[in-house]
Amino acid sequence: MMAKIDPGRFFEDYAIGQVIEHAVPRTVSGGERALYHALYPARHALYSSDLFAQSCGLPAAPIDDLAAFHVVFGKTVPDVSLNAVANLGYAEGRWLKPVWPGDTLRSTSEVIGLKQNSNGKTGVVWVRTRGLNQRDEVVLEYCRWVMVRKRDISAPAPETVVPDLKTVLDPADLTVPQGLDFTGYDFTLAGEPHRMADYEVGETIDHVDGVTIEEAEHMMATRLWQNTAKVHFDLTFRPEGRLIYGGHVISMARALSFNGLANAQMIVGLNGGAHANPCFAGDTVKAWSEVLDKAETGAPGVGAIRLRLVATTGGAPFALRGEDGKYGPDVLLDLDYWALMPL
Amino acid sequence: MMAKIDPGRFFEDYAIGQVIEHAVPRTVSGGERALYHALYPARHALYSSDLFAQSCGLPAAPIDDLAAFHVVFGKTVPDVSLNAVANLGYAEGRWLKPVWPGDTLRSTSEVIGLKQNSNGKTGVVWVRTRGLNQRDEVVLEYCRWVMVRKRDISAPAPETVVPDLKTVLDPADLTVPQGLDFTGYDFTLAGEPHRMADYEVGETIDHVDGVTIEEAEHMMATRLWQNTAKVHFDLTFRPEGRLIYGGHVISMARALSFNGLANAQMIVGLNGGAHANPCFAGDTVKAWSEVLDKAETGAPGVGAIRLRLVATTGGAPFALRGEDGKYGPDVLLDLDYWALMPL
Amino acid sequence: MMAKIDPGRFFEDYAIGQVIEHAVPRTVSGGERALYHALYPARHALYSSDLFAQSCGLPAAPIDDLAAFHVVFGKTVPDVSLNAVANLGYAEGRWLKPVWPGDTLRSTSEVIGLKQNSNGKTGVVWVRTRGLNQRDEVVLEYCRWVMVRKRDISAPAPETVVPDLKTVLDPADLTVPQGLDFTGYDFTLAGEPHRMADYEVGETIDHVDGVTIEEAEHMMATRLWQNTAKVHFDLTFRPEGRLIYGGHVISMARALSFNGLANAQMIVGLNGGAHANPCFAGDTVKAWSEVLDKAETGAPGVGAIRLRLVATTGGAPFALRGEDGKYGPDVLLDLDYWALMPL
Numbered sequence: 121m122m123a124k125i126d127p128g129r130f131f132e133d134y135a136i137g138q139v140i141e142h143a144v145p146r147t148v149s150g151g152e153r154a155l156y157h158a159l160y161p162a163r164h165a166l167y168s169s170d171l172f173a174q175s176c177g178l179p180a181a182p183i184d185d186l187a188a189f190h191v192v193f194g195k196t197v198p199d200v201s202l203n204a205v206a207n208l209g210y211a212e213g214r215w216l217k218p219v220w221p222g223d224t225l226r227s228t229s230e231v232i233g234l235k236q237n238s239n240g241k242t243g244v245v246w247v248r249t250r251g252l253n254q255r256d257e258v259v260l261e262y263c264r265w266v267m268v269r270k271r272d273i274s275a276p277a278p279e280t281v282v283p284d285l286k287t288v289l290d291p292a293d294l295t296v297p298q299g300l301d302f303t304g305y306d307f308t309l310a311g312e313p314h315r316m317a318d319y320e321v322g323e324t325i326d327h328v329d330g331v332t333i334e335e336a337e338h339m340m341a342t343r344l345w346q347n348t349a350k351v352h353f354d355l356t357f358r359p360e361g362r363l364i365y366g367g368h369v370i371s372m373a374r375a376l377s378f379n380g381l382a383n384a385q386m387i388v389g390l391n392g393g394a395h396a397n398p399c400f401a402g403d404t405v406k407a408w409s410e411v412l413d414k415a416e417t418g419a420p421g422v423g424a425i426r427l428r429l430v431a432t433t434g435g436a437p438f439a440l441r442g443e444d445g446k447y448g449p450d451v452l453l454d455l456d457y458w459a460l461m462p463l
Numbered sequence: 121m122m123a124k125i126d127p128g129r130f131f132e133d134y135a136i137g138q139v140i141e142h143a144v145p146r147t148v149s150g151g152e153r154a155l156y157h158a159l160y161p162a163r164h165a166l167y168s169s170d171l172f173a174q175s176c177g178l179p180a181a182p183i184d185d186l187a188a189f190h191v192v193f194g195k196t197v198p199d200v201s202l203n204a205v206a207n208l209g210y211a212e213g214r215w216l217k218p219v220w221p222g223d224t225l226r227s228t229s230e231v232i233g234l235k236q237n238s239n240g241k242t243g244v245v246w247v248r249t250r251g252l253n254q255r256d257e258v259v260l261e262y263c264r265w266v267m268v269r270k271r272d273i274s275a276p277a278p279e280t281v282v283p284d285l286k287t288v289l290d291p292a293d294l295t296v297p298q299g300l301d302f303t304g305y306d307f308t309l310a311g312e313p314h315r316m317a318d319y320e321v322g323e324t325i326d327h328v329d330g331v332t333i334e335e336a337e338h339m340m341a342t343r344l345w346q347n348t349a350k351v352h353f354d355l356t357f358r359p360e361g362r363l364i365y366g367g368h369v370i371s372m373a374r375a376l377s378f379n380g381l382a383n384a385q386m387i388v389g390l391n392g393g394a395h396a397n398p399c400f401a402g403d404t405v406k407a408w409s410e411v412l413d414k415a416e417t418g419a420p421g422v423g424a425i426r427l428r429l430v431a432t433t434g435g436a437p438f439a440l441r442g443e444d445g446k447y448g449p450d451v452l453l454d455l456d457y458w459a460l461m462p463l
Numbered sequence: 121m122m123a124k125i126d127p128g129r130f131f132e133d134y135a136i137g138q139v140i141e142h143a144v145p146r147t148v149s150g151g152e153r154a155l156y157h158a159l160y161p162a163r164h165a166l167y168s169s170d171l172f173a174q175s176c177g178l179p180a181a182p183i184d185d186l187a188a189f190h191v192v193f194g195k196t197v198p199d200v201s202l203n204a205v206a207n208l209g210y211a212e213g214r215w216l217k218p219v220w221p222g223d224t225l226r227s228t229s230e231v232i233g234l235k236q237n238s239n240g241k242t243g244v245v246w247v248r249t250r251g252l253n254q255r256d257e258v259v260l261e262y263c264r265w266v267m268v269r270k271r272d273i274s275a276p277a278p279e280t281v282v283p284d285l286k287t288v289l290d291p292a293d294l295t296v297p298q299g300l301d302f303t304g305y306d307f308t309l310a311g312e313p314h315r316m317a318d319y320e321v322g323e324t325i326d327h328v329d330g331v332t333i334e335e336a337e338h339m340m341a342t343r344l345w346q347n348t349a350k351v352h353f354d355l356t357f358r359p360e361g362r363l364i365y366g367g368h369v370i371s372m373a374r375a376l377s378f379n380g381l382a383n384a385q386m387i388v389g390l391n392g393g394a395h396a397n398p399c400f401a402g403d404t405v406k407a408w409s410e411v412l413d414k415a416e417t418g419a420p421g422v423g424a425i426r427l428r429l430v431a432t433t434g435g436a437p438f439a440l441r442g443e444d445g446k447y448g449p450d451v452l453l454d455l456d457y458w459a460l461m462p463l
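Chains as they are written, first to last, in this note's numbering: chain Z, 121 to 463; chain V, 121 to 463; chain C, 121 to 463.
Rather than coming from a laboratory, the hints here were simulated on the basis of the structure. A couple of the hints might just be wrong.
Identical copies carry no separate label here, and so any pair may be met within one copy or between two of them.
In silico lysine to any residue, SDA-like type, Cα no more than 25 Å apart, as pairs [stated by the list, open to error]: (1) Lys350 x Gly435; (2) Lys350 x Pro437; (3) Lys414 x Met122; (4) Lys350 x Phe438; (5) Lys235 x Gly361; (6) Lys270 x Pro313; (7) Lys350 x Thr404; (8) Lys350 x Glu416; (9) Lys350 x Leu440; (10) Lys217 x Gln174; (11) Lys217 x Asp293; (12) Lys270 x Leu178; (13) Lys350 x Gly402; (14) Lys270 x Val328; (15) Lys350 x Pro313; (16) Lys414 x Ile125; (17) Lys350 x Leu309; (18) Lys414 x Ala123; (19) Lys241 x Asn397; (20) Lys235 x Gln138.
Produce the complete structure using the sequences and hints provided.
Structure below.
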């Protein structure tokens with residue numbers, strides 16, 4: 121009799137070039153959008169209004185970029201991070217096609233790096249994950265690396281392969297959705313008058329608003345992405361408090377950043393990100409941003425702005441690291457991304 | 121470098137005749153309906169079943185009237201009530217067109233009244249807000265007045281204009297949705313046998329049921345309407361407790377009133393309303409109603425019933441005001457509205 | 121003046137052969153599906169992906185079987201269980217047609233059994249409930265019996281009729297959805313490699329995962345099914361804690377059983393079920409299953425597996441009853457059902 125519960129992959133179960141087809145494809149609808157907007161204070165007009173999206177050259181409002189990311193990411197959890205001890209980083213995240221209500225998403229991951237740790241008990245696994253729609257088009261992709269336990273400490277170490285990942289995507293690496301045109305952009309309906317020219321590299325923005333997080337909300341969000349890692353749900357497994365899915369903090373911070381960045385409409389690139397400290401129910405999440413770079417895209421009226429998005433549980437805005445170079449205890453998230461904004 | 125965070129309008133920023141186009145239009149879908157029905161015990165059959173709505177002459181079940189109201193209202197918050205110290209009243213609310221899944225709503229407000237308070241620090245602003253769909257049809261409108269802080273106390277007072285608002289809409293002011301016909305109304309499927317003839321002016325109804333409110337629910341509701349006033353979300357901003365959006369109480373009370381008013385199907389007029397006391401998570405909301413008036417509408421089988429809807433946190437039903445004429449401490453809401461009911 | 125609040129039916133209000141048309145029909149959409157997947161860790165691929173469902177011969181992904189059950193069940197509450205003192209059992213539950221987004225469901229119940237208890241104060245009522253879609257097709261049916269109070273203790277006892285209900289449905293009683301074909305079943309996308317041949321009668325599976333339940337979640341779920349029994353919502357009515365709707369526990373346990381039974385795709389029969397102990401917010405729900413039987417169905421590649429699904433609040437897995445033959449204090453649910461699985 122075969123065991124029915126999958127214990128998940130351990131470090132020695134990964135091999136360079138291995139492609140994992142993740143389970144449970146998902147058809148998304150207006151239901152996912154409504155829930156996303158109920159769980160986060162999401163207000164970017166392009167994702168809220170079909171008419172606004174059409175005025176920007178798209179056929180309709182897509183599903184929020186981060187909702188698409190979470191759907192793709194959630195599927196990888198049973199295969200990539202069930203035995204992970206740490207989520208180490210993201211790189212080379214690219215949104216390649218909008219996701220529309222009615223689309224069906226599935227995920228695959230290719231193992232692109234392996235490095236056993238010197239303690240012999242764990243190793244680092246790098247994967248490149250792709251989300252595909254029902255036409256087998258890649259809608260988004262990203263690299264992620266996690267520290268994974270070995271099943272058998274005496275198993276031999278694999279050959280070390282550390283992938284050469286870009287620390288920042290070049291603007292030329294970004295894909296602007298087909299048809300996108302910001303030349304007739306309605307700043308009034310979008311909610312703020314600031315175009316890309318109004319932002320300066322180095323500028324910091326305190327997004328002011330905060331949300332005190334509740335257990336029911338982060339669990340609903342995490343389940344919606346079919347991410348079932350038990351640390352998020354089972355208080356008997358983690359009596360010290362259910363750990364909130366890092367993606368919940370990303371979406372909360374991004375939504376809060378509307379206040380000051382309402383025109384940073386579409387996320388197209390994820391350069392990197394760190395979950396600096398764990399988040400728990402009862403924490404009040406706030407956010408601030410820093411403008412890191414600006415670029416043209418070639419699409420009409422469409423600029424790309426590179427932003428640092430920091431989520432905190434309070435503390436002074438714009439304080440990121442202590443004198444020791446480590447993230448301050450109030451910092452939850454440090455994310456580096458590219459968004460599209462009217463020039 | 122332009123400041124990126126909008127501090128909101130102060131009293132001196134309003135002028136008579138000014139029209140404010142509110143940001144972030146919204147396309148609604150079955151997702152908004154499902155969430156509305158998960159957040160409130162909403163059961164009015166016309167909003168629950170396409171078939172029932174069709175049997176009443178409509179093409180399909182509309183989005184709940186109060187959901188449409190909240191979508192329109194939510195967009196006004198950043199422009200009208202960010203610096204408001206009190207929400208003083210509503211009048212002349214009229215639902216003019218049903219809202220269907222797929223519709224895109226936006227809001228505009230016209231300033232119709234201004235009166236500086238004698239303290240010189242605040243003033244009252246009256247606006248008439250309209251919700252428009254993708255065909256620029258007005259789906260609903262209402263007047264609302266709020267007390268707003270001045271930015272600069274030395275700014276001169278504007279000329280006082282107090283609009284002449286009806287305290288009660290005349291039945292002739294009400295709009296019956298095109299095609300509505302209650303002559304073949306199915307009282308069994310609707311849930312109660314009472315037609316308008318069965319209600320008497322002066323009659324009071326204790327709706328019996330109660331719901332103890334949770335933080336996650338009111339925040340999800342309020343976000344869904346893209347109302348992001350921080351008092352509802354940020355416990356560090358209001359350590360004494362997050363204030364629940366008044367509209368959450370309205371929807372909860374209206375849904376509870378199904379038990380006794382299942383056939384008060386469509387809300388078409390809002391005569392007035394007061395949020396008598398603030399509501400907090402942990403409160404148990406109950407409701408009672410009083411029949412204030414009845415009228416014919418001219419549409420086949422369709423009557424209009426004027427109702428007082430009172431939400432409380434307990435106390436004896438039908439007790440509204442103390443001997444001092446003030447609302448009792450248990451009263452949350454006193455709403456005066458017109459609904460359509462089979463004759 | 122007619123009383124407007126329906127006190128519900130008492131034991132003497134039921135008669136053999138009586139058919140009750142339950143109120144408030146419901147049109148379901150992608151919104152209900154998204155909420156179902158946000159409230160429960162539901163991952164069965166056939167209900168998550170239109171493409172997966174199409175690869176199994178269906179036109180699209182149906183609404184989850186238990187969501188359809190809850191919609192049908194919820195409508196019966198005001199007519200069947202408002203004055204019930206106990207929910208005694210289920211039998212002969214059959215899913216006959218998938219429910220698709222856009223379908224409108226209503227419910228009817230036929231009284232098939234009556235037996236006054238010897239105390240003269242209560243009696244047992246058996247009903248057969250059917251859920252019908254907009255084409256008047258029966259989508260599911262089940263029998264349920266409840267203990268109901270008498271309004272008037274001196275009312276005469278009705279003739280005792282105890283229906284002859286099957287304790288287990290025969291595989292021939294089960295209906296396989298038209299077109300269902302598991303010969304091209306994609307075990308990778310479904311999430312587990314186990315086909316029916318890999319399960320043995322008597323085998324037990326600990327589903328490992330757990331979810332600590334929150335008030336906001338169970339209330340949202342219960343409202344979504346338009347089940348408004350006040351014990352679930354009103355803490356002033358039940359200061360010792362809001363009782364969680366038994367169906368919430370069923371759905372939670374079924375969703376948790378994905379881990380080990382990912383290929384038990386469609387629920388087609390409910391043989392019986394007992395809510396052994398009440399569930400409250402703060403409880404951590406876990407689940408285990410036992411394979412009770414296996415059968416062929418005649419449909420290509422489609423087997424039927426009979427499963428016992430037990431929800432607990434902890435304790436040792438596979439412990440069901442104490443030495444006294446009674447359910448252990450940790451057991452919430454003991455459900456006996458048939459599901460369709462690839463052969």
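Hint check results:
For the identical chains of this complex, Lys350 and Gly435 are inter-copy neighbours only, at 18 Å across copies versus 30 Å inside a copy, given an alpha-carbon limit of 25 Å. Taking identical chains as interchangeable, the C-alpha atoms of Lys350 and Pro437 lie at most 25 Å apart only when they sit on different chains, with a minimum of 17 Å there against 32 Å within one chain. In the homo-oligomer, the alpha carbons of Lys414 and Met122 lie at most 25 Å apart only across protomers (17 Å), although the nearest pairing inside one protomer, at 55 Å, exceeds that limit. In this homomeric assembly, Lys350 and Phe438 come within 25 Å of each other (Cα to Cα) only across copies, at 21 Å, whereas the closest approach inside a single copy is 33 Å.
Within a single copy, Lys235 and Gly361 get their C-alpha atoms no closer than 31 Å, and across copies no closer than 49 Å, so neither meets the 25 Å cut-off. For the identical chains of this complex, Lys270 and Pro313 are inter-copy neighbours only, at 23 Å across copies versus 53 Å inside a copy, given an alpha-carbon limit of 25 Å. In this homomeric assembly, Lys350 and Thr404 come within 25 Å of each other (Cα to Cα) both inside a single copy, at 23 Å, and across copies, at 12 Å. For the homomeric pair Lys350 and Glu416, neither the shortest alpha-carbon distance inside one copy (43 Å) nor that between copies (35 Å) is at most 25 Å.
Proximity of Lys350 to Leu440 under the C-alpha cut-off of 25 Å is restricted to the inter-copy arrangement: shortest distance 24 Å between copies versus 30 Å within a copy. For the homomeric pair Lys217 and Gln174, the shortest alpha-carbon distances inside one copy (16 Å) and between copies (24 Å) are both at most 25 Å. For the identical chains of this complex, Lys217 and Asp293 are intra-copy neighbours only, at 14 Å inside a copy versus 47 Å across copies, given an alpha-carbon limit of 25 Å. Within a single copy, Lys270 and Leu178 get their C-alpha atoms no closer than 47 Å, and across copies no closer than 42 Å, so neither meets the 25 Å cut-off.
For a Cα distance limit of 25 Å, the shortest separation of Lys350 from Gly402 qualifies both inside one copy, at 19 Å, and across copies, at 16 Å. For a Cα distance limit of 25 Å, the shortest separation of Lys270 from Val328 across copies, 21 Å, qualifies, whereas the shortest one inside one copy, 44 Å, does not. Only between protomers do Lys350 and Pro313 lie at most 25 Å apart by alpha-carbon distance; the minimum there is 22 Å, versus 43 Å within a single protomer. In this homomeric assembly, Lys414 and Ile125 come within 25 Å of each other (Cα to Cα) only across copies, at 20 Å, whereas the closest approach inside a single copy is 49 Å.
Taking the shortest alpha-carbon separations for Lys350 and Leu309, only the inter-copy value of 21 Å comes in at or below 25 Å, while the best intra-copy value is 41 Å. For the homomeric pair Lys414 and Ala123, the shortest alpha-carbon distance between copies (18 Å) is at most 25 Å, but the shortest distance inside one copy (53 Å) is not. Proximity of Lys241 to Asn397 under the C-alpha cut-off of 25 Å is restricted to the intra-copy arrangement: shortest distance 24 Å within a copy versus 44 Å between copies. For the homomeric pair Lys235 and Gln138, the shortest alpha-carbon distance inside one copy (15 Å) is at most 25 Å, but the shortest distance between copies (65 Å) is not.
The structure is inconsistent with the numbered hints 5, 8, 12, although it conforms to all the rest.
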